[in-house]
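First to last, the sequence lines map onto chains A and B. Count the first sequence with the numbering used here and you get residues 1 to 413, in order. Count the second sequence with the numbering used here and you get residues 1 to 73, in order.
It should be emphasised that the hints constitute simulated quantities derived from the structure, not laboratory data. One or more hints might be untrue.
Claimed, not checked - Pulled from the structure, derived: some chain A residues nowhere near chain B, Cβ distances all over 12 Å: (1) Glu109; (2) Gln132; (3) Gln143; (4) Gly180; (5) Asp274; (6) Gln317; (7) Arg327; (8) Gly338; (9) Leu401.
Stated by the list, open to error - The calculated label-pair distances, taken between Cβ atoms and stated as ranges, are: (10) A:Ala4 to B:Trp31: 43 to 49 Å; (11) A:Pro400 to B:Leu59: 38 to 44 Å; (12) A:Gly119 to B:Glu46: 54 to 60 Å; (13) B:Leu59 to A:Gly119: 43 to 49 Å; (14) B:Trp31 to A:Ser394: 34 to 40 Å; (15) B:Ile66 to A:Glu396: 50 to 56 Å; (16) A:Gly353 to B:Ala11: 18 to 24 Å; (17) A:Arg61 to B:Arg65: 18 to 24 Å; (18) A:Gly64 to B:Thr13: 47 to 53 Å.
Virtual Cβ for every residue (Gly too), placed ideally from N, Cα, C.
Here is what each chain is made of, one letter per residue.
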Amino acid sequence: MNTALNEETAPEDLQAHLSRYGAVPYRGRTSTLIPDLEASGLTGRGGAAFPVHRKLAAVARAKGTRKVAVANGAESEPASRKDELLLRIAPHLVLDGLQLAAEAVGATEAHLYLHAAPGPQILRALAERTAQGVDRLPVTITQAPPRFLAGQETALINRLGGGPALPAFQPPRVSERGLGGAPTLVQNAETLAHLALIARYGPRWFRAVGTPEEPGSMLTTLYRARVRTEIHEVAIGTPLRALLGDGPQAQAWLVGGYHGTWLPLPQARELTLDHASLRTFGAAPGAGVLAALPADRCGLAETARITTYLAAESAGQCGPCLNGLPRIAAALTELAAGRANLQTRANLERWSGLVTGRGACHHPDGTVRFVRSALKVFAPEIDRHARGQCAATSREPFLPLPDRAPASEQDWI
Amino acid sequence: MAGTLRVNPIACTGHGVCAELLPELIAVDEWGYPLIDPRPVPGALERGARRAVSACPALALRIARIEEPARSG
Numbered sequence: 001m002n003t004a005l006n007e008e009t010a011p012e013d014l015q016a017h018l019s020r021y022g023a024v025p026y027r028g029r030t031s032t033l034i035p036d037l038e039a040s041g042l043t044g045r046g047g048a049a050f051p052v053h054r055k056l057a058a059v060a061r062a063k064g065t066r067k068v069a070v071a072n073g074a075e076s077e078p079a080s081r082k083d084e085l086l087l088r089i090a091p092h093l094v095l096d097g098l099q100l101a102a103e104a105v106g107a108t109e110a111h112l113y114l115h116a117a118p119g120p121q122i123l124r125a126l127a128e129r130t131a132q133g134v135d136r137l138p139v140t141i142t143q144a145p146p147r148f149l150a151g152q153e154t155a156l157i158n159r160l161g162g163g164p165a166l167p168a169f170q171p172p173r174v175s176e177r178g179l180g181g182a183p184t185l186v187q188n189a190e191t192l193a194h195l196a197l198i199a200r201y202g203p204r205w206f207r208a209v210g211t212p213e214e215p216g217s218m219l220t221t222l223y224r225a226r227v228r229t230e231i232h233e234v235a236i237g238t239p240l241r242a243l244l245g246d247g248p249q250a251q252a253w254l255v256g257g258y259h260g261t262w263l264p265l266p267q268a269r270e271l272t273l274d275h276a277s278l279r280t281f282g283a284a285p286g287a288g289v290l291a292a293l294p295a296d297r298c299g300l301a302e303t304a305r306i307t308t309y310l311a312a313e314s315a316g317q318c319g320p321c322l323n324g325l326p327r328i329a330a331a332l333t334e335l336a337a338g339r340a341n342l343q344t345r346a347n348l349e350r351w352s353g354l355v356t357g358r359g360a361c362h363h364p365d366g367t368v369r370f371v372r373s374a375l376k377v378f379a380p381e382i383d384r385h386a387r388g389q390c391a392a393t394s395r396e397p398f399l400p401l402p403d404r405a406p407a408s409e410q411d412w413i
Numbered sequence: 001m002a003g004t005l006r007v008n009p010i011a012c013t014g015h016g017v018c019a020e021l022l023p024e025l026i027a028v029d030e031w032g033y034p035l036i037d038p039r040p041v042p043g044a045l046e047r048g049a050r051r052a053v054s055a056c057p058a059l060a061l062r063i064a065r066i067e068e069p070a071r072s073g
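Chain A with its partners taken away, still in its complex shape (with noise of 0.2 Å):
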């Protein structure tokens, strides 16, 4: 499987929606979706890719008269645009998808979190909803401020909660103690966009594609040169180079967005889009980023430009991180511009040591894996770097960054 989702694709209402896939299959009890999701082997697809059915086992066994469920939509990874395209244009799947995970652990509040204002798709599909009665219960939408970390799971429940969309250091798990204390369900947008379709169609279905060990689909975003950003739903296994391409025209692949891996070419030709097979170089598909460098363009520079990007999103709150990942950033852009001294690599493999592990939540290491594999994959280009050369013809930026780099402490709210 290898379907372009098109970016045109006029949303669905809830009458076509409803004839396509039939009724939202409440099942009446809590806990009976549960079995279904173990059996189906769904993972989240956020990029932490952990089991679905262990998250919703966890808040339904979690005391608690008032229990909360949320849809994250605010992929904060700015190189990915497919929970943005499927709220867009299958509002009604993620949306079924949250009211079967709320009834599943027997949530008393639904929440949608968005990195955007909503548009009018989802106004209009809730809305649509409201008025046919499909939703046990109502939907409240919360806007996270642009930052990269804002989706992370203790950010998302500060920010409902009214605070500045901050992560917090090892809170008891939020399916135990989240929104105001109350045991709360986070579930990534697609993942609650499987779930519907698992809950209708069942395990089998959902293991037609995929592998034995990691069945079903995932939404990529792909980068490729010269072709416009593409959102692909993908069997899990997929070649990578059926989604990338393998010619002379890429250099390098990224998988897994900005805290992901670059990947050598040719030697990472035979990967598959898999924890089994991108684990041997280190890689996972994380939210589904996957990006082929084209020959022209600087390795390096791309990575100091997202470095320095990282850098600055970090929220400031822990000491390794704050004074750590500018430096490396710093470090990177000396590379990249041929400045960097005999010591530059030598601090860029200490720090990179010192911030590891060391954080609140995952940005440093997140920030180390991709900063050290692109050190591996661009040694040469390192070296000729050294000698004053650099073999890109373009300096034309290739990964996207927001164009506005929010800094102030306001931008947390």
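Dock chain B against the given chain A, drawing on the hints supplied.
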């Protein structure tokens, strides 16, 4: 009770008191933030560890019981 030292990196402001009191288990990085030995606190250092915990001006240091599960993502 066996335990390991844990720092809350958000609360920690890099005073460095812990590293002064317990250099056997805590060093500081080049920015002044603690680097903590992740192994269980040996019995002989338990008193020192408790002293470092109570001396932290930011209340950022604690002794975590070993069986405490690590946070999942």
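Evaluation of the provided hints:
Against the 12 Å criterion, Glu109 of chain A stays outside the reach of chain B, whose nearest CB is about 23 Å from its own CB. The Cβ of Gln132 of chain A sits about 37 Å from the closest Cβ of chain B, beyond the 12 Å cut-off, so the non-interface label holds. Its beta-carbon lying about 24 Å from the closest one in chain B, Gln143 of chain A satisfies the requirement of being farther than 12 Å from that chain. For Gly180 of chain A, the requirement that its beta carbon stay farther than 12 Å from each beta carbon of chain B is met, with the minimum near 20 Å.
No Cβ of chain B approaches the Cβ of Asp274 of chain A within 12 Å, the least distance being about 18 Å, so the stated non-interface status holds. With a least beta-carbon separation of about 4 Å from chain B, Gln317 of chain A fails to lie farther than 12 Å from that chain, contradicting its non-interface assignment. For Arg327 of chain A, the non-interface assignment is contradicted: its Cβ lies about 9 Å from the closest Cβ of chain B, within the 12 Å cut-off. Interface exclusion of Gly338 of chain A from chain B stands, the closest Cβ pair being 26 Å apart, more than 12 Å.
For Leu401 of chain A, the shortest C-beta to C-beta distance to chain B comes to about 25 Å, beyond the 12 Å cut-off, and the non-interface label holds. Judged by the Cβ atoms, the range 43 to 49 Å given for Ala4 of chain A and Trp31 of chain B holds: they are separated by roughly 47 Å. Look at Pro400 of chain A against Leu59 of chain B: about 41 Å separates their beta carbons, and that is inside 38 to 44 Å. Checked against the given bound of 54 to 60 Å, the beta carbons of Gly119 of chain A and Glu46 of chain B, roughly 58 Å apart, stay inside it.
Look at Leu59 of chain B against Gly119 of chain A: about 44 Å separates their beta carbons, and that is inside 43 to 49 Å. One distance hint, 34 to 40 Å for the beta-carbon pair Trp31 of chain B and Ser394 of chain A, holds here, with the actual separation near 37 Å. Roughly 53 Å separates the CB atoms of Ile66 of chain B and Glu396 of chain A, a value that falls within the hinted 50 to 56 Å. Between Gly353 of chain A and Ala11 of chain B, the C-beta spacing of about 23 Å keeps the proposed range 18 to 24 Å intact.
The given range of 18 to 24 Å is respected by Arg61 of chain A and Arg65 of chain B, whose C-beta atoms sit roughly 23 Å from each other. Our hint of 47 to 53 Å for Gly64 of chain A and Thr13 of chain B is violated, since their Cβ atoms are close to 34 Å apart.
Going through the hint list in order, the structure does not satisfy hints 6, 7 and 18.
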